[in-house]
Amino acid sequence: ETAVFQTPNYHVTQVGNEVSFNCKQTLGHDTMYWYKQDSKKLLKIMFSYNNKQLIVNETVPRRFSPQSSDKAHLNLRIKSVEPEDSAVYLCASSQTVYAEQFFGPGTRLTVL
Amino acid sequence: QQKVQQSPESLSVPEGGMASLNCTSSDRNFQYFWWYRQHSGEGPKALMSIFSDGDKKEGRFTAHLNKASLHVSLHIRDSQPSDSALYFCAASENYQGGRALIFGTGTTVSVSP
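Here the protein sequences line up with chains A and B, keeping their order.
So that you can map any letter, position 102 of the first sequence is 112 in our numbering, and since no number is skipped, the others follow by simple counting.
So that you can map any letter, position 61 of the second sequence is 179 in our numbering, and since no number is skipped, the others follow by simple counting.
Simulated from the structure, these hints should not be mistaken for laboratory data.
Do not rely on the hints blindly, as some may be mistaken.
[What the hints assert, rightly or not] Reference excerpt, derived from the structure (chain B facing chain A, CB under 7 Å, subset only):
(1) 134
(2) 160
(3) 161
(4) 164
(5) 204
(6) 210
(7) 221
[Said to hold, decoys possible] What follows is a list of derived Cβ distance ranges for each label pair:
(8) 30(A) / 186(B): 28 to 34 Å
(9) 231(B) / 92(A): 40 to 46 Å
(10) 73(A) / 123(B): 29 to 35 Å
(11) 146(B) / 89(A): 35 to 41 Å
(12) 106(A) / 176(B): 20 to 26 Å
(13) 94(A) / 176(B): 34 to 40 Å
(14) 61(A) / 178(B): 36 to 42 Å
(15) 121(B) / 72(A): 22 to 28 Å
Cβ coordinates follow ideal geometry from the N, Cα and C atoms, glycine included.
From just these sequences and the hints, can you work out the full model?
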């Protein structure tokens, strides 16, 4: 099956903990993205990677960092979570920067 | 300030009716548009793209783009309960070295049987 896969589906943690979310795409795409979808359903891009190069890095807090081992994987690490990090984190991929983006099902993070 | 604004925020349509969604870009650099749909508990999925002035039809969905006003609309004909979802407009600059898609504020569509 070709798609974008994310793990875990849900994660509950306490303030100050470190979390890591995984994303893998089997579509053979060159570009991958991480988005944050807040409680108002707004979609905001956090990072994108093209051929292991970071090409977009919107002003996100430094505690967030993308990690890529190859073009099929783009993980997201949050060093010390804060309550405002509670959201759904969506991973996506596309063949090129402007092509159709394919999204994973998302990881819902709750910070207590 | 969101660069891509959508209206209305929510919309109720009877089954079989027409749903009309609107989107405007406030940045003239962002004039290439996509429509995405997100069902509850899932990631967004692309419906269609529109890059040229005029209409583009795909099945029950028709998009209309006016580049002069940076306005794009989506019309859903013969709406079905399965069309109930959150609809996003997304815009891009589409030139070499530019940024990725900027998503709009979203319109929630509810289709009642």
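Structure-based check of each hint:
| no. | hint | verdict |
| --- | --- | --- |
| 1 | 134 | violated, 27 Å |
| 2 | 160 | holds, 6 Å |
| 3 | 161 | holds, 3 Å |
| 4 | 164 | holds, 5 Å |
| 5 | 204 | holds, 6 Å |
| 6 | 210 | holds, 5 Å |
| 7 | 221 | holds, 4 Å |
| 8 | 30(A) / 186(B): 28 to 34 Å | violated, 46 Å |
| 9 | 231(B) / 92(A): 40 to 46 Å | holds, 43 Å |
| 10 | 73(A) / 123(B): 29 to 35 Å | holds, 30 Å |
| 11 | 146(B) / 89(A): 35 to 41 Å | holds, 38 Å |
| 12 | 106(A) / 176(B): 20 to 26 Å | holds, 21 Å |
| 13 | 94(A) / 176(B): 34 to 40 Å | holds, 38 Å |
| 14 | 61(A) / 178(B): 36 to 42 Å | holds, 38 Å |
| 15 | 121(B) / 72(A): 22 to 28 Å | holds, 24 Å |
Taken one by one, the earlier hints fail for this structure at numbers 1 and 8, listed in ascending order.
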